[in-house]
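Undergrad: Here are the chains, one letter per residue:
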Amino acid sequence: MINQPVIIILIPLFFAFLIPLISVFSKKIIKIIPVIAAFINLAAIIKILSSSSRILKYFSISGYKIPFGINLIFNYQIGMFLFAINLVALIAFLYFYKNEFNIGNKIAYPIAFTLGLTAANGMILTGDLFNLFVFMELAAISGYIISSHRKGYYSTITYIVITSIGSLLFLLGTASVYNVSGSLSLNTISTGLQGVSGQFIIIISVLFIISLSGEAELIPLNSWVPKVYNKTGDTGRIFFGSIFSSAALFAVIKVLILLFQGSYSYIYEVITVIGLITLFIGEVVAFRQENIKKMIAYSSVAQAGLIIGAVSMAIKNGIINKMVFNAAIFQLFNNIFAKGLILLGVGALGAYHLNNLKNNNKKLLASILTGIGVLSLIGMPPFAGFWSKFYLIKALVLNKFTFFIIIFLFSALFEVYYYMKFLQKLFFSEGNKTKTKKDISFLTYGMMVYLSAIILLIGIFPNSIYKAISDIFMGGIL
Amino acid sequence: MTFNNLILLGSVTSFLTYFLSKLSYKIGTVIKTLFIIISMYIIYGNFNTPSSISINEINLNFNVNAFNIYFLVLASFVFLMTSLFSINGIKKYKYKNSYIFLNLLLFTGIIGLFGSSDLITLFIFWELITWVSFFLISLKSSLSRKAALVYIFMSMIGTYFLISGIFIIQNSIGGVSFNLIQKNIGLINTASANKVIIFFVIAAFVKGGVYPLHTWLRNAHGEAPDNFSPVLSGLLTKMGLYLIYFLVIFFPFTKLISLNIASFPFGIIFSYIGGISIIVGTISAILQNDAKKLIAFSTVSHAGYIVLAFSYGTNLAFFGSLMHILVHAFTSLGMFLSIAAVKYRTNTSKMDDLGGLITNMPVTFTTYLVSIISLAGIPPLVGFVSKWMIYQALIVNGSYFLAFAAFFGSIGSFMYVFRPLATVFLGQRPKKYEKIKEVPFLMQLPMLIITLLTVLLGVLPGIIIKPLNKLMTHLGIDPIESSLYKLVTKLTTLDMVLIFTVFGLGFLIALIVFLIFAKTTKVKQHEQYTAGEIVPELKTMPSMYHYSKNYYKPFSRIFSIFPSLESIYNRIAYFTKKIFDIFDNFFYKETVNGYVWIISLVFLTLIIIRWL
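Line by line, the protein sequences are chains A and F.
According to the working numbering, the first sequence is numbered sequentially starting from 4.
According to the working numbering, the second sequence is numbered sequentially starting from -19.
Source of the hints: derived by calculation from the structure; they are not laboratory data.
Since we're looking at a predicted model, the values are computed, not measured.
Treat the hints with care, since some could be wrong.
A few chain F residues facing chain A, derived, Cβ under 7 Å [unchecked claim]:
id	residue
1	Ile33
2	Asn36
3	Val130
4	Phe133
5	Met136
6	Ile143
7	Ser144
8	Phe560
9	Asp564
10	Ile578
11	Ile589
Ideal Cβ placement from N, Cα and C applies to all residues, glycine included.
Start from the sequences and build out the full structure, keeping to the hints where you can.
TA: So this is what it looks like as structure tokens:
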């Protein structure tokens, strides 16, 4: 049992349900429970990683054979992603424990955060379509609670409406697929779908693409993103920016590859176009923002569009172009850390609006660490993001995807501009201090230093990480 | 110590100086200067010794050969001079520690860039230099921050073109090391070769400040911290032009430039672009009112000289362009350092408020005077050597427009450099600057060294011609004839020592005549004939009627009808911002419109792709 990946989902679930029990006895212990859950989960991941292989394996639960029971997919590369997500979750929970526990209902928010971690892990691990639906719903529900952390009720309602539409479409799609192919497990659906008429494929592809775009921050269902990022608390922002968006994006990639198995190339062309549109609109709108939280939200949208566009560009006629695919996955991996660091820094410094950044000279270290996160995201050496962008451009030029490169680099210009403007205002703005946030605790500094060290290490040893993450879905699938 | 260890030591030392400067900034700057001196020595010692930093299968390869030792020594020299100057010069800066740290990191980046023997290494250091110099420019004021944003935007355009070109080369040839490219250049087909040349040249023009990609120069150089402007102008622009020299490594010189290759006639186009850049730079510089912005435009015109001479095709012109890199570095060092020295003592660089500082700051005055004489290409200084070669090359081959452009650049340049001289150093001194002293010795030292070298290299040009000949032979171009003090060209031979003696004698005679016979009459600076009108500004704002105000107004009237490239770019930027606002309003405002548009867009995409 200890070596099964299902334990990665079970541990936070267990602790989430422990919280109401313990709250009967003592309210003070509750704030440490998410931290304990994330820590034990991280330890479990490390243990399972040490004995995992690089080939995608299906793990069945409770002995039910595939395709009759729920199954999980796991290999070393997926373990690396889980490690990254749980690490950022641990950091978020530590921040919550230190700074934000006293805001809002003391029982609901820890439960929501822990359940959110469960859902994120589940979205990455699951190999079954309906199970994915369940975890997406769980993520949405915990997202509803998290997004209202600082009285963000209007944004929460927008989020509820939009993700409900998404869930409905997903349910419809799942039901149709089950009807036709007789199975819900991702690896056997595609054999069941052979010989089905093309129009049916279009319908289910539309349903899946649109529904999955809700949680993964793609067009068309991403208008909740700036609103929610604006109104939620700092921990909630780290959750949405780093954990939910990356897990949902990973789930989308998984469905795209395992469900359709690379055939029906028009689906992939559509997704490329949607990804490019998302990238362009995201960067362009972020360029005009003055509110830093919204700026990061739009940038997150644009990065999601870039990754999905690159992944679907890499798939043609059942063959995955390894260079482009691995570069896009590497970009997704780096973004988890970079966005986590930026959002942590922005929250700790209280840097919420471009015109209100007054003289952060006393908090120079925190500004510099946030700067490291930003420089990594826009792709400056010697940080991690430089290498992921480098490999991505290399793969795109090698395969002569000219149109993609033009839009990608054009949007990247604006990304560099607005993030550098943000850094300038962070480091150098003059003016007297108005209201300052309370001092940043040593624990927060430690977490920011730790994330920056990871980013620097990935920047200095990019090839090891690249090799460790590459070829997730190879090994017997495509 | 090998080159790769030098790079690592540089990065570590820059962090160290940050913490040490918290104790006293003088310690930081002295350590920085010592490091630069040590690195000059190490660079010499590593001649033709390849070395590399290999981490995790990423190889940063370095090599110092006859090609880049010229650039490396020039870079170290420019940094050394500004570093000596900044030991006292940054006393009044707000962010001293960051300045010293970023400056040393930038130095490490630049010698890494020039010393690289591999295109990927070059690119990594290129990007590092871009963002470090961005922060260095932003240190000063809010105006400099706006200028820095324009700088990084245009710089990233160049960077993305560069990386695309590098990957096209890697595709066709299979590797990116310079030796490999030189051997296998035949593998690249003409279409890709054209693309590579255009991409590299765009990146080079953006960084080097050649028309029409030069609009960021004015504000970025003009508003940068005073101690950093010489490095920006003298060195970082050369980084871009270094890329153009690469094309000579890759494509044999004759193939690139000659007029009868089957592909695009690049040589003619680039030389005309260079010529236009000279003219535009000179005219815009004449119209400026701020001393530093004026010098920034002179950088545009000198970059034009270098591109013109390089693309022209003869070995004489090629030599002229190489030499001109050194000349421009020296002159911009001299001019920027003197203006920084004036600003250090008087806290202003507005030309209208100053005057008569020649008696207070004689060393500064001499440096500035010698630099502008060299800039205008007047013998016997070093500026004359490079310009002479370029003129000879253009005249021998009979290119009328380009020769006109080159001459116009020299003559026009004297118009604009004379203005700060007359307004800042000559004329009458305002009362508040009566007691100003000369700058401290450590700030005078680099100025004296530059003056001395300008004169020395002008009289004995052979000192530079020998290494440059080695460079040209390394690239496969015929060297020019040289001797220690003679300039030999097809048309004539000049004996520089003779010219120096003649000029020196002339100067002495003029001096004697002036001291014996000249009489001076004091004229009030604000003495204006107002035809009986009562002009209240004469008492309240006398600087309105200072003789240097609107110095070249008739000249600017001539050129006021010409379209300005900067205003075209500004309008494009404004237009783009408005379009982006439309996106913002459509997609993310809280109306129904946005959702309808998005959903229609997605369905449209689906339909188009499925049925096409």
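Undergrad: Indicate, hint by hint, whether the structure satisfies it.
TA: A quick look at each hint next to the structure:
1. The beta carbon of F:Ile33 comes no nearer than 10 Å to any beta carbon in chain A, farther than 7 Å, and the hint placing it at the interface is violated.
2. Checking F:Asn36 against chain A by beta carbon gives a least distance of about 4 Å; that is within 7 Å, so the hint holds.
3. Here the hint on F:Val130 is broken, as its CB sits about 9 Å from the closest CB of chain A, past 7 Å.
4. This hint holds: F:Phe133 has a C-beta 5 Å from the nearest C-beta of chain A, less than the 7 Å allowed.
5. Checking F:Met136 against chain A: minimum C-beta separation of about 5 Å stays under 7 Å; hint holds.
6. Interface hint at F:Ile143: satisfied, since its Cβ lies 6 Å from the closest Cβ of chain A, which is below the 7 Å cut-off.
7. Annotation: interface hint on F:Ser144 holds; nearest CB of chain A at approximately 6 Å, less than 7 Å.
8. Below 7 Å, beta-carbon pairs count as interface contacts, and F:Phe560 has one with chain A at about 5 Å; its hint therefore holds.
9. This hint holds: F:Asp564 has a C-beta 5 Å from the nearest C-beta of chain A, less than the 7 Å allowed.
10. Using the Cβ-Cβ criterion of 7 Å, the hint placing F:Ile578 at the interface with chain A is satisfied: the shortest such distance is roughly 4 Å.
11. The closest approach between the C-beta of F:Ile589 and any C-beta of chain A is roughly 5 Å, which is under the 7 Å cut-off, so the hint is satisfied.
Against the hints set out earlier in the document, violations occur for numbers 1 and 3.
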